[in-house]
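From the two separate chains plus the hints, produce the assembled complex.
Listed in order, the protein sequences are those of chains A and B. Residue 61 in numbering that gives the first Met the number 0 sits at position 62 of the first sequence; the count goes up by one each step and never skips. Residue 565 in numbering that gives the first Met the number 0 sits at position 566 of the second sequence; the count goes up by one each step and never skips.
Among the hints, a few may not be true.
Calculated lysine-lysine pairs in the DSSO-like style (CA-CA distance at most 30 Å, straight line) [said to hold, decoys possible]:
#: 1; chain 1: B; residue 1: 476; chain 2: A; residue 2: 63
#: 2; chain 1: B; residue 1: 164; chain 2: A; residue 2: 7
#: 3; chain 1: A; residue 1: 16; chain 2: B; residue 2: 209
#: 4; chain 1: B; residue 1: 39; chain 2: A; residue 2: 42
#: 5; chain 1: B; residue 1: 229; chain 2: B; residue 2: 209
#: 6; chain 1: B; residue 1: 120; chain 2: A; residue 2: 42
#: 7; chain 1: B; residue 1: 209; chain 2: B; residue 2: 46
#: 8; chain 1: A; residue 1: 16; chain 2: B; residue 2: 120
#: 9; chain 1: B; residue 1: 145; chain 2: B; residue 2: 261
#: 10; chain 1: B; residue 1: 261; chain 2: A; residue 2: 16
#: 11; chain 1: B; residue 1: 475; chain 2: A; residue 2: 63
#: 12; chain 1: B; residue 1: 39; chain 2: B; residue 2: 164
#: 13; chain 1: B; residue 1: 145; chain 2: B; residue 2: 38
#: 14; chain 1: A; residue 1: 42; chain 2: B; residue 2: 119
#: 15; chain 1: B; residue 1: 163; chain 2: B; residue 2: 209
Calculated directly from the structure, the hints in this document are not laboratory data.
The lines below spell out each chain.
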Amino acid sequence: MKTLRDTKPGDTVTVHKLHGEGAIKRRIMDMGITPGTEIYLRKLAPLGDPLELTVRGYELSLRKQDAAMIEIR
Amino acid sequence: MPTTIALAGNPNSGKTTLFNALTGSAQYVGNWPGVTIEKKEGRLKGKPDVLIQDLPGVYSLSPYSPEEVITRDYLARENPDAIINVVDGTNLERNLYLTTQLMELGIPVVVALNMMDLVKKSGDRIDMKRLSDALGCEVMPLSALKGDGGEQLVREAVRVAQAKKGMEPPAVFAGSVEHTLAHIEETIASAVAPERLRYSAIKLFERDEKVMADIALSPEAKSRVEELTKACEQELDDDSESIIVNQRYAYIAGLMDRAVVKSRKGRKMSLSDRIDSVVTHRVLALPIFVAIMALVYYIAVTTVGALVTDFTNDVFFGEWIIPPLREAMEGASVAPWLVGLVVDGIVGGVGAVLGFVPQMLVLFLMLSILEDVGYMARVAFIMDRMFRRFGLSGKSFIPMLIGSGCSVPGIMASRTIESERDRRITIITTSFIPCSAKLPIIALLAGAMFNQSNWVAVSTYFIGVAAVIISGIILKKSRRFAGDPAPFVMELPSYHLPTAGGVLRATWERGWSFIKRAGTVILVSSIVLWFLQAYGVEAGVLTAVEDNNNSLLAAIGRFVAPIFAPLGFGNWKAAVATFTGLVAKENVVNTFGVLYGFAEVAEDGLEIWSLIAADYTALTAYSFMVFNLLCIPCFAAIGAIRREMNSSSWTGFALMYQTVFAYAVSLITYQLGAVFTGSPFGLGTAVALALLAGLLYLLFRPQPSYGQLKPATGR
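Looking at chain B on its own, in the form it has when it is part of the complex (with noise of 0.2 Å):
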């Protein structure tokens, strides 16, 4: 019978380090049922039949956020062998407010005392066998970073796990207060199972409501619970969760008077804080932060990324593998059908793509950096006014800052985010902020319409923006997302320096996610693509074709393209190039490349510009690149998409939605413009001026009231 060992504690008190260290590769992310959060189980390393158990951070087992809910629900229903709850040792009150909580279970707790190197550096001494004592389970050091103290302390919890014998929780309530949960504690005995008992009534003490809703009681139980705790409120004049609230945090006041010897150092500065009167300084921070930003990308994307990726793209593919395997093929006389699949369909489709991953590595690498030193918090921190003004949070920027370099580790840093609503709101937007791939498109057309003016990029930066700020603010208006905002209340960890372990975990599940996509959706998308591309109807015939304007692709396109003439490409070019687009943006470029000709292009196509200046407008141009950015992104991020939804249903929706604007936009922009250009009005024109009229209401309408709606941090 496997043992399962869980594991409790905050956010940010080195849970995952620990995790990782006793996990080791042995380890499963997913997500929880039905919720965007990440479900991490693994086996003890060398000890498979023993299974750990990761619980989301939380600071206490409220019922209002979706991790809470997940932590005591699992606690109490799937009834684990045992919990190591990790505390930090530099933030001990706070994380011993979720301890009391863990010990009032009826389940076996090992406290881990984290971060002790670092405890001991400030000064502060804790007695580990007073708060034992008090709390009434082992207290163990553990430095995680260092790896000191894994092992016993694992070995602990497999014993008391094994032992199977309760553990009586500490005596933290007093007076009316323990009176009353006594009594209570009668009143539901015989719908409680026994090592539950304290935990529900102290939770039906407090109302809440979804456990109220798993205890079967009669109404006479119901009323009694009600009666008592009025008495106790009203004789205390507060309500029954700032009761509990206020006990809990006095009773562990008096633990650490007793248990904690405090450095004599005095309120000084800790290094964090001398660091951060630098980096959240009124005047400097957002300087900084740009810097910051600058150094990053300079560092991944044009030296050492352009560096890698060029290297994978014209040598290590371009020399080292196509030619040799076209020659090794041909000389092995195979079918050319088969050479063209496997070089120019296979090789050459995943190759562009899995060409970026060295560049797209780096990029998040130095995010990993910044993101476990604990930067990302402070830029939260930050730029929380201006996502406050339309319903989301600080939190939101991260994701978009990193979805500028790849949506797809920004989609996936949306995890942070606590309310689902502006979880889910932000993973939609954050395809919207141009990403690297999308920029050989606008270099492409910036070159060949716009003279190479920088304008063209930066305009695009613009639009992605205006276009998350305008659909938070819609969204949030809308049904499905409206409620109170969500609470910003967020702690600022310490800095601290980040351990290649961690960094290198993160790195490499972000870089993984992308290359799996590569190896799968990309593989099979290439093969399907480069088939319409080399076949098509010949006098009647399926047969191989020289000329790609008779190609199964261009009769697709052709098919397709009046949808796209209101935006004005409506050409098969362009539909096919956007269709391309969906299995990486890199292909857009490459796709025009090969249908005016050009077997290979340069990375801004700076070969067919002319070409394309002679089939587009400025105008039709820009629309057409409008379309491109804000539409559906690449199918690597709809993956990711998919996979933080968490729900294929909301992921459509995210599509559409995405889809819709983008057509919206893009018309409105093409018929508008081509009426100031000097076109007669129509009927497109009309069209447009009716859709920018109802984006405008979307955008501009007061709050509408829905009623009773479920807090922020509801599903």
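For reference, chain A alone in the conformation it holds in the complex (with noise of 0.2 Å):
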């Protein structure tokens, strides 16, 4: 399975399905990260973690362990 965690700044790739529950779930599928949703990485934060992605125009940061529960195609 790979996950958004898997990717290399100025990747672009589709979002396939989200795993996990709750409340980072609903959060991370309320900022716009959906099944068919196309997510630009841009960069990783100077210390590695977090990932700011470009998500339906917008600049978004998330962290790794969290990007590992979306799984791209």
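As structure tokens, then:
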């Protein structure tokens, strides 16, 4: 299973499915990360974590451990 | 009958700017009951019968965060007459996600499409008529920063509010979902008001526990709803919450296709992205951050700040106010005690603290600018990894950063932290970082005992940071604060030029908070302290004393001093100085000065260095410094804690934790230090070792599992 955590800065990927549950999953979905959404991994933070993603035209910061919940195609 | 209009929208959508523009100074800022979230309401400028209620910035109306719960509870229960939904036009998709939810509440909505000036610049074109037709409500352009569109917007909002006609929510859901929702609506129709039918049906479908608790359904109705929900989930092979979110965004994508023409510029880097390629660059980010902070402090403290503070202290109070006042009173044959009370007690005491206000205002101004520009979000982004280690997030860094100037705005800055739990921990630990008022204490002891070594100051910052980290870990492992880590899913908003209005308002709010404290608490305590210092019992009679060794304050000091004996500084002067430090940390040096016979001393107490050196050893002095640095902060900061915690019991807990922690650390420092420098092993040493063992245990024990806990964002 390939997840958002495995991507490299500069990659553009498409979301396949969201795993996890509860508040964190809902928050990720509320922010626009849903199956079929295109995500561009802009960069990693200077200390290696979190990730900066471009989603639906805006910049979102997401921790690697949470990015692991997002399965990509 | 007043008309109530609620303002709802995403964070960073410009809602606050609009609110300020609509209400001007006619606004009231408080807290929502029971939580540490700011509540703002005000009257429309020029039309006092229109009440504008600002709601917390939210991305959705889920049950998982207090901001969302407050927003939806307010809208569902208080039933405002209309909602102005501020939508960031440069971020349409995500903003419309909230819009679809607001429209389902059965309250008239007017969409304010904000940042239209930026939309135009980007080359995107939004067909507001198409959008409006599809959504079923008015969509009006707004450029809150420039002030365009505000008037028409409010007029339209008042119009729909007074028309009292419900609006049809847009047809967001399709197929079996729409079917299921319709059936659920039928099932619950008798238990729910008609305007709330759609909202409730969707929430029940999502298995929203809070809404489920609010609706009185018969067991049959409940199981019917569950049946319907399960059937739909099986058919679409997904859980109900996800189904709803996906359909909303699918609807919005369709809407975007019809109503928005994206500029042909493609995915080029926006200005914000280009700035960030430097500011959050892998290598450059941290040095840039340090440079920016150094600049802020240089301007605020070393140059402009110090200049203005010195002027205030030396000239304004020192020449213009105090001497003429004293002369005037003495000339008018006012009783000496009253002269003393007014000139030394009130003006002197309050003046000493007010003297720092200009410096603080400059600091607040610089930090407000950084915040308004959008840089603080980047700071949280950069620092998150470090803070995650001990259970917090990068957002906790900013209060501490600000706290190194003054704890009061630092504690207030904790408002941006979403998780209530993390927010409380941050509020409790912010004052461990030495604030600028504590620097004179450090300078005094460094000068008297350590040959002015710079290492003294540096070590205190290390101790402060260590205290924050240790406390974060310990508290996170305790029952009150344990739980899943709060999600750190944070938007990095586009940079924009700071708005003069927004920045000045934020600066003033923080500064005024501080000044008000000075006017009230500090005033009263200055009077009390002056009295205790100037009067004592001589020969059995309460009278003014010349030698303050005989004062009431000294008597109290002597009574209390033994408490500090295990920490190495059980003499009454130290006890008294610590107490006056509660009013304002700047007082400590002044108090020492007065107690050692100098009515006035330099900021670092130069005049009394030798006297201090005679009364303390390096170890006892260091222990004293540690205690004063870590123990509860000044009254102004305590007031800020009370306000941000929005609860007396939490404030009490915070103060108790800080005092116990400071006492323990100070004791350990002194007792173990004494043994290392040759003192014999004694009872004190044993106690210190026990405390140290306890501390290490709390720090390193495995995270206890407390069974079923509320989610991190719960109360």
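Here is how each hint holds up against the structure:
With a C-alpha separation of about 23 Å, the suggested pair residue 476 of chain B and residue 63 of chain A falls inside the 30 Å cut-off, and the hint holds. Under the criterion of a C-alpha separation no larger than 30 Å, the hint pairing residue 164 of chain B with residue 7 of chain A is inconsistent with the structure, at around 52 Å. For a cut-off of 30 Å, the pair hint linking residue 16 of chain A to residue 209 of chain B stands: about 27 Å separates their Cα positions. With a C-alpha separation of about 37 Å, the suggested pairing of residue 39 of chain B with residue 42 of chain A is violated against the 30 Å cut-off.
A hinted pair counts as satisfied when its Cα atoms are at most 30 Å apart, and residue 229 of chain B with residue 209 of chain B qualifies at roughly 19 Å. Restraint check for residue 120 of chain B and residue 42 of chain A: the C-alpha separation of about 26 Å stays at or below 30 Å, so the hint holds. For the hint linking residue 209 of chain B to residue 46 of chain B, the alpha-carbon distance of about 36 Å lies beyond 30 Å, and the restraint is violated. The hinted pair formed by residue 16 of chain A and residue 120 of chain B fails the criterion: a straight-line CA distance of about 35 Å is larger than 30 Å.
Taken as a hint, the residue 145 of chain B and residue 261 of chain B pair is honoured in the structure, with Cα atoms around 24 Å apart against an allowance of 30 Å. This hinted pair checks out: residue 261 of chain B and residue 16 of chain A have alpha carbons roughly 27 Å apart, not beyond 30 Å. A hinted pair counts as satisfied when its Cα atoms are at most 30 Å apart, and residue 475 of chain B with residue 63 of chain A qualifies at roughly 21 Å. Of the supplied pair hints, the one linking residue 39 of chain B and residue 164 of chain B holds, its CA atoms being roughly 27 Å apart against a limit of 30 Å.
A distance of roughly 25 Å separates the Cα atoms of residue 145 of chain B and residue 38 of chain B; the hinted pair therefore holds under the 30 Å criterion. Under the criterion of a C-alpha separation no larger than 30 Å, the hint pairing residue 42 of chain A with residue 119 of chain B is consistent with the structure, at around 28 Å. Restraint check for residue 163 of chain B and residue 209 of chain B: the C-alpha separation of about 28 Å stays at or below 30 Å, so the hint holds.
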